[in-house]
Each structure stands twice: as C-alpha cells, then as structure tokens.
Amino acid sequence: MKMDIEMLPDVDVVELKNGFRALLVERRSLPVVASVCWYQVGSRDEKTGQTGVSHFLEHMMFKGTDKFGKGEIDQQTSKMGGSNNAFTDTDSTAYYFSLAADRWETALEIEASRMRSCLLDPDEFQSEKSVVLEELAMGEDEPWRPLYQAVESAMFQTHPYHHPVIGYREELERLTVGQMRSYYERHYGPNRACMTIVGAIDRRRTRRRIKQLFGGMPRVADREVAIREPEPKGERRVTLKTTHSVARACIGFPTCRMGARDDYALDLLAHDLGNSKNSRLYRRLVVEDRLVTEISVMNEVRQDPGGFFIMCELHPGAAPEKVERAIREEVAGMIDEGVAAHDLRRIRTQIEASFLFQDETVLDLAMKLARFEAGTPDGYSTLSQVLSTYASMKRKELCEVAARYLQFDRATIAWALPTDLPASATAGRASARSAAKRGSRRKAAPKGSPKKGKKKSKTGRGKA
Amino acid sequence: MSKNPIRLDVAERELKSGLTLLAVHNPGVQTFACAVSLDTRIADDPVKLPGVANMVGECLDEGTSRYDSLGLAAAAEEVGAALEGNHRGGAVMCPVSSQKKATELLRQLVMEPSFPGREVRRVQSEVLTELQSELDEPRTVAARRFRAEIYGEHVLGRAMQGTLESVAAIKPKHLREYHETWFRPRDGYVAASGPFEPEDMLDRLERAFRGLRGAAPEHAPLPKVQLGDASDHHIAMPREQVHVFLGHAGVRREDPDFYRLSVMDHILGSGPGFTSRCSRKLRDEMGLCYSVSAGIAASAGAEPGTFTAYIGTSAEHREKAVAGFLAEIDRIRSQPPSESELQDVKDYLTGSFVFALERNSNLAAYALRARRFGLGYDFVERYPDLIRAVSVDDVRQVAERHLHPDRLTIVSAGAS
Chain A
1 MKMDIEMLPD
11 VDVVELKNGF
21 RALLVERRSL
31 PVVASVCWYQ
41 VGSRDEKTGQ
51 TGVSHFLEHM
61 MFKGTDKFGK
71 GEIDQQTSKM
81 GGSNNAFTDT
91 DSTAYYFSLA
101 ADRWETALEI
111 EASRMRSCLL
121 DPDEFQSEKS
131 VVLEELAMGE
141 DEPWRPLYQA
151 VESAMFQTHP
161 YHHPVIGYRE
171 ELERLTVGQM
181 RSYYERHYGP
191 NRACMTIVGA
201 IDRRRTRRRI
211 KQLFGGMPRV
221 ADREVAIREP
231 EPKGERRVTL
241 KTTHSVARAC
251 IGFPTCRMGA
261 RDDYALDLLA
271 HDLGNSKNSR
281 LYRRLVVEDR
291 LVTEISVMNE
301 VRQDPGGFFI
311 MCELHPGAAP
321 EKVERAIREE
331 VAGMIDEGVA
341 AHDLRRIRTQ
351 IEASFLFQDE
361 TVLDLAMKLA
371 RFEAGTPDGY
381 STLSQVLSTY
391 ASMKRKELCE
401 VAARYLQFDR
411 ATIAWALPTD
421 LPASATAGRA
431 SARSAAKRGS
441 RRKAAPKGSP
451 KKGKKKSKTG
461 RGKA
Chain B
1001 MSKNPIRLDV
1011 AERELKSGLT
1021 LLAVHNPGVQ
1031 TFACAVSLDT
1041 RIADDPVKLP
1051 GVANMVGECL
1061 DEGTSRYDSL
1071 GLAAAAEEVG
1081 AALEGNHRGG
1091 AVMCPVSSQK
1101 KATELLRQLV
1111 MEPSFPGREV
1121 RRVQSEVLTE
1131 LQSELDEPRT
1141 VAARRFRAEI
1151 YGEHVLGRAM
1161 QGTLESVAAI
1171 KPKHLREYHE
1181 TWFRPRDGYV
1191 AASGPFEPED
1201 MLDRLERAFR
1211 GLRGAAPEHA
1221 PLPKVQLGDA
1231 SDHHIAMPRE
1241 QVHVFLGHAG
1251 VRREDPDFYR
1261 LSVMDHILGS
1271 GPGFTSRCSR
1281 KLRDEMGLCY
1291 SVSAGIAASA
1301 GAEPGTFTAY
1311 IGTSAEHREK
1321 AVAGFLAEID
1331 RIRSQPPSES
1341 ELQDVKDYLT
1351 GSFVFALERN
1361 SNLAAYALRA
1371 RRFGLGYDFV
1381 ERYPDLIRAV
1391 SVDDVRQVAE
1401 RHLHPDRLTI
1411 VSAGAS
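Chains as they are written, first to last, in this note's numbering: chain A, 1 to 464; chain B, 1001 to 1416.
Check each hint, because a few of them may be wrong.
[Unchecked claim] Using 30 Å as the maximum straight-line C-alpha spacing, the simulated DSBU-like pairs for lysine-lysine come out as follows:
1) A:K241 x A:K322
2) A:K47 x A:K233
3) A:K70 x A:K211
4) B:K1173 x B:K1048
5) A:K47 x A:K70
6) B:K1224 x A:K129
7) A:K67 x B:K1281
8) A:K129 x A:K70
9) A:K233 x A:K396
10) A:K394 x B:K1101
11) A:K70 x B:K1346
12) B:K1048 x B:K1171
13) A:K211 x A:K67
14) B:K1281 x B:K1224
15) B:K1100 x B:K1016
16) B:K1171 x A:K322
17) A:K129 x A:K211
18) A:K233 x A:K322
19) B:K1048 x B:K1224
20) B:K1346 x A:K67
21) A:K211 x A:K17
22) A:K129 x A:K241
23) A:K70 x B:K1281
24) A:K129 x B:K1281
25) A:K70 x B:K1320
26) B:K1016 x B:K1101
27) A:K129 x A:K67
Rather than coming from a laboratory, the hints here were simulated on the basis of the structure.
Sequences and hints are given; from them, build the entire structure.
Below you can see the structure in the form of structure tokens.
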C-alpha cells in the first residue's frame, strides 16, 4: 500500500550565536501552538552521590523563576487555557506547552526565564523532595520498574545509564539545594537546549522574539562524553523475589546509538520479533505455547548505545525455563532467517502509518522534531531519510544486525519471581535451536509505532 | 479568553434499522478514524456471569466469518490500520488511503465475530491472569472496593471485568448469545472523522453498516442509586505506598448542575498542572504525594458516576491526607471561591477545549457524545458561554448540594 507521507514539514531554523537553536513549523488547522524545550541533560550527566538530581531539578523548574513566582507557571498556563508538563530520561530533560495561538508566546518567556534564572528556593526544595520520594515509592510498587531497573543496572556497569533516572533514595535524601544549583548552572544554558514550536504562529515575529529572549544568554559547558560501556564478556543474570503474584521476565541486549543505520534495522527486528499478533514471539509464546499473557519488544535507542529489550508476563503455572527456552529459540530463528520480504512490506506499512498518527497533534509533531533534533547526529533533517532507510533494508542486512546484537552471551536476563516460586526455576541455561526447524514462518506486522527515542526509563512531574 | 473560533462540520443520517451514522469533516488530514458504539449497558451483562460483556469486547478481534485471529490482525496491519473491539462495538484508525478496507474490517469485527473456542479460551486465560495480577495492585484493589462500597448491590457496583470465578465459567456460547442479543442497531451509533465530505462519508458508512439489523430486547431498568452511609476500610498489602479513595455516589451527565460541577472540580481537585486546591495543599504545601485528584463530573454518564478523591501516599500520611481532603471539601462547601480563582478556571476550561479536537478519533468521539447526550453539534460553540455563566455562588451551592462529607466512603489499600 502506498501512502503519501510528508515526513519533513517546512521547518524554519533559528540559530543564535550562543548555540541555541529553534525549529519553527507553521500549521494553521486549529488556533493552537505547541512548544518543546529540550535540554541535553539527563541522568547520565549526574555524579555519583547525586543521582536523581536531573529529574528533581525538572520538578523545581516549575517552582518559580526570577519572573514567574511560585505556582505562576502552572497558573498562567491554566489561565491561557493550555497545559504544560515535562519529563526526564537518561539523556534529556524536556519541557512542553500546548497553548491557544493568541497567547502562546508566554511559553517562550517562561522557557527563557527558567533557562538561567530558576529560583531553587530552599523551602520549596525540601517540600518537593517529599514529592519526589513519594514518586520513587510509587515506582517501587510497580511490578515492572524494579525489574527493568535491574536489567539496566546489570547491563550498564560502567556507563552512567547504570543508575535509575529517579535516583537512589538515600542520595535523594542527602541532596542539598546547593548541589542542585551547581548542577543547574553547569548544565542549563542555550547551547545545551533546542526548542521546537509548531502551530498557528507568525514565523517572523517568533524568530524576532526568540532572538530577544535567548540571544543574550551565556553559553555553559559543553556536555562531557560519558565513559564507554565495554562489550559484555558473557551472559548476566538477575533474579528478583517479588510480592507480586505473576512472574515476569526482562531480557536486554546492548545495542547502538539513535540514528545509526543499525538502529533502523533493530526497529524492524523488534516489530518482527514481538510487536504484533503475527510477530514471532507472540505467535509462539502467546498463541501456540500459551506460556505468557503479554510480550513486547522495544528497541530503546539512546544518544550512547542503548538497549533492545524483550519483556513478558507469564501465565500462572508456566515454567520460566520453558519461556526462556522459547524466547532463545525464536531469537535464534530470527538470526538465521532475518525477516521475509512480504513481512518486511507489512512492517514498513505499519511504520509509515505510525508516522502519520504521530503528526495528528501539534504537540506530537513538536515532540518528534525535538527528539530527532536532539537525539541524532544530523538533527531533525534525519526525518527526511527515515522511511527510505527502512525501505533500503534487506533480509541479509537484518540477519547480520540480529547476529551482531541479539546473542545471549551478551544479554542480561532478569526474572521477577513470586516468593513462592523457587529461584532455581531459571538457573539453568536453556539451549537454543533454530525456530526455522519448527515449520511455518511467522508473519510479521506490528501495530505499534517505531517509537524512535521513546524511553521506558523516563519519569516526569505528574499529570498534565 | 477569546471566543472559541472552532466550528465543526458534522452530518448525521439515521438508518431504518435505528442505527445513526455521524460524520465529522476534518479537511486536509491524512488519517481516518471510525468508532461503532452500540446501545449495550452494564445491566445487560448476565447477572450470574459478570464479565461476559467485557469478554465479548476482548474476543471480537479473535476471528470473523472470513478471517481467523491472526488473519484479521494481518489484514489490518497490511493497510496500516489499528483495529480493536470493545463491549460496545469497536474502532479503527488508519491512513486515509485505506479507509475502505479498514471500515470493512471493522464491520466484520462488529457484525461477524466467530468467537472460536480455542482463541476464546486463550483470551479467557489472559483475562484471568490479568485479574490475578490486578489483585497485586493496591490502587486497583482500592478502586474496585471503593466502587463496590459506593454502589452496594446495585449493578453499577459490579466489576466490568467480572471475577476470577465468573470469568473462569464463561464459554464461547455465552459470548455468542450476548453478541446475538445485544449487538443490534437501534439507538446505536457509527461515528467517523476524516477528510471526506460529510455526505460522502455517510454513504461510505451506510454501505458498510446497513446490514446490521434486528432488535434487542428492552434493557432492564436500573434502580435509583442511593447515597450510602459513611464507612472506612483498609486492605493491608505489602507495598511502599497506600492508595486512598474517598467519595460517594455522584451525578448523571444530564444533571442541570453538570457545568457548574465541572468548574467546581477544577477549583477543588481536577485543575491542570498543580493548580487545584487539593494539589496545592496536599502535594505542593504538605509534600504528601506525587499523585492527587478530586472530582465528580468526569465520571458522570447515562448513569450516576462517583465523587472521587484519590491520593497515593506513604502509610504514615494516610490520616493527614484524609483530613486534608475533608478540609478542602468543607471549604468549598462553605465559602465561595474568589472571583480571580473562578476566572482562572473559566479561562482554562474555555481555552483548552480545542485541544480535544485535534485527533480524528477524538472528533468522532465528540460527535458521538454530543449526539448521545443531546448536546447538539454546536456544543463546541456554546460551551464557553455555559462555563462563563457560572458564578462564585454557583460553585459553593453545587458543592453544598452534591458533596456530602457525612456520607463519605473511604477505602485504602497498600502499606499499613
């Protein structure tokens, strides 16, 4: 099926001498505007002893600046009939607004004010620390977060992706407002940020306003290069005992950077492996063997090499070793076979459709542009190559990429087992055999989006 | 806030079968969305087998007269469509170029599901595991118990998903019976949004759904929902936080106070960001939680919803949080808000409405809601005036009339 997709809208780039960049897109179907201010700072920039400061600081960025007092950012947003929110992940912190077109420029004023002049009031700091600690407790109660974190910590032993975005409780408790201020002053500046603005805007006026508000700001230090994660020297295993009654598994493979050619191949492999009813793992583990109730696969790209994750939730009574064996067999089958041509066509159709749906709202488009601008070496213009890159991938290349990354002797395998299930249930390593020997080929066609840059390890300040 | 300049182009056509088609013109977009919403009600679920309606929704995409489960999924994927069923019908989103095929797949899913035994048993097993898994989640456990306490024996107190026992007893024949009986056109809707001219879109929908025929029995009338007595319950679970729900039976969507209550909610506990009183007090000032809310209008439907205040907090803060909610409920019942506080909320509600109209699926849902509740398709134009008409005294009066601090049910689950 042929879709006519405009991947790269008409983008007006504003580039200031201090390194600040803004991307403007005019879209006038509704009188609304969305803005995203995306900072190149995340949990990977944190020092030992100060984990969680990026995310905590994100909360504090709503607690008052030199021009907007405590509560005013939310109050003004609300008065303007808009919404705002933010999130922090390993690589980035992003702040966003959706506002009516006749008053959206307040968002620019807020972003300019809090780029260098956040108050970080000590009383507010203490009060918000309690909120962040409650958020951490909430995450600890979730069935997936501790398991996923266990995989991240085991997979990244040298690189700062090792520690949780929300931080460690004890370090958060000890964190001082002085430490946060120093972190803020070091990392928040025009050369570490980009903005995307999409909607019913006047481009010339917006360009002028950006220069007025951001042009005088001093540069801050460039981002330090994080220490490289060495190639794993064997399989790593983690078993958690959980008070949840359902067993869950998360398997992670270290991969590549966002925007690398292999990243696109891994997207296609993720779709073929586990993101639709017709994917290999769904058909095998859910439909045929009935071992798991849910299975998903995610190619989580990052600015430094990220991870490829397989996650599943077991039926009560299903043996973990059987599940693991089946996953190994299916991954081995994919390495042997790659993805068949007709399956690739279907996957590409799904990916193309998902890009269409990503453009339905001005905020979706602003977010997509910001993600590509900040996350890929060629910035937002990468978008013009995305579909042709997917289209250029053939079976042989997909086999090679699968063989390069999806080997279990470089995987981290984590299980969360109910307390009444013996840990030894997963102790033995299951042997893999090719799924190709089991007969019929699976038909791949994911219904999800490629979700480039979408993070599971993302946390924010709460509701919009 | 300026006058809302939005005007929607909606067309409707009622078929002889009693099915109403709705088409929203959304020019220039490259996507299409369509939803089928039939007149099925919670009371239609078999009394002795709760969960059948939910299972019907879960199993609609497990096969039709022409496709098996995987074949149906593949057919949708081949045209870039996302297809799903639910207990009232189903929905599809797709690129505009595949509208015809996607609508046809939705038609089959709604009108010709086959409920194959093997797939029904698989889904049944998945639902049972999900129910088991939800018993581990204190927020879900508390929410279910809260609903059960508020509605008591009333059918609205039933869990839509059923119970471990009832779901285990469901057979494919129960799904076929339910579908045969209740998936009928009268008082049902098919709503679509896309770039086609409305009359053209109605023709397309009529071609697809004119075969939906037959009449359903009368729905069993529901008894009036009564306000319960005050009660307090805690379910201990080994967790870091405790999840607290506090409230009582609420109002219907057609309640004449609905818009005044919407405004009250935003002042009390549903405002955007952290602007509501409960957010400011319990989160910002007291640092008790990450997540807090309170409101009565959002759950209002054809039947009464609930007034619900919610907080997730540490066990040692439970009583402080409950006291905080009570203080805010008392305050909004006894004192009118300031003019500026009210104006802020009006500005938000009148200005933010437009953001609900960006996606095709939202536009179709909007048309459906406007028609089902008799709001009129010009509702989007009239809504700002309905909100602007609310006064500070209205807010206090509706709070006093609809919030009952002496009849609160409190349910918590989690850490003790």
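Hint check:
1. A:K241 x A:K322: It holds: about 19 Å lies between the C-alpha atoms, which stays within 30 Å.
2. A:K47 x A:K233: holds, 26 Å
3. A:K70 x A:K211: holds, 26 Å
4. B:K1173 x B:K1048: holds, 15 Å
5. A:K47 x A:K70: holds, 28 Å
6. B:K1224 x A:K129: violated, 46 Å
7. A:K67 x B:K1281: holds, 23 Å
8. A:K129 x A:K70: holds, 16 Å
9. A:K233 x A:K396: holds, 26 Å
10. A:K394 x B:K1101: holds, 28 Å
11. A:K70 x B:K1346: Holds: A:K70 and B:K1346 sit about 21 Å apart, inside 30 Å.
12. B:K1048 x B:K1171: holds, 13 Å
13. A:K211 x A:K67: Since the Cα atoms of A:K211 and A:K67 sit roughly 18 Å apart, the hinted pair holds (cutoff 30 Å).
14. B:K1281 x B:K1224: Status violated; Cα separation ~35 Å.
15. B:K1100 x B:K1016: holds, 23 Å
16. B:K1171 x A:K322: With a Cα-Cα distance of about 28 Å, the restraint between B:K1171 and A:K322 holds, given a limit of 30 Å.
17. A:K129 x A:K211: violated, 35 Å
18. A:K233 x A:K322: Given pair A:K233, A:K322 holds - Cα atoms ~25 Å apart, limit 30 Å.
19. B:K1048 x B:K1224: Between B:K1048 and B:K1224 the Cα gap is close to 21 Å, so the pair holds against 30 Å.
20. B:K1346 x A:K67: holds, 24 Å
21. A:K211 x A:K17: holds, 10 Å
22. A:K129 x A:K241: holds, 29 Å
23. A:K70 x B:K1281: Holds, because 13 Å separates the two Cα atoms, which is no more than 30 Å.
24. A:K129 x B:K1281: Holds, at about 15 Å.
25. A:K70 x B:K1320: Within the cut-off at roughly 24 Å; holds.
26. B:K1016 x B:K1101: Satisfied, since the Cα-Cα distance of roughly 25 Å is no more than 30 Å.
27. A:K129 x A:K67: Holds - the C-alpha atoms of A:K67 and A:K129 are around 23 Å apart, at most 30 Å.
In this structure, the hints that do not hold are numbers 6, 14 and 17, in rising order.
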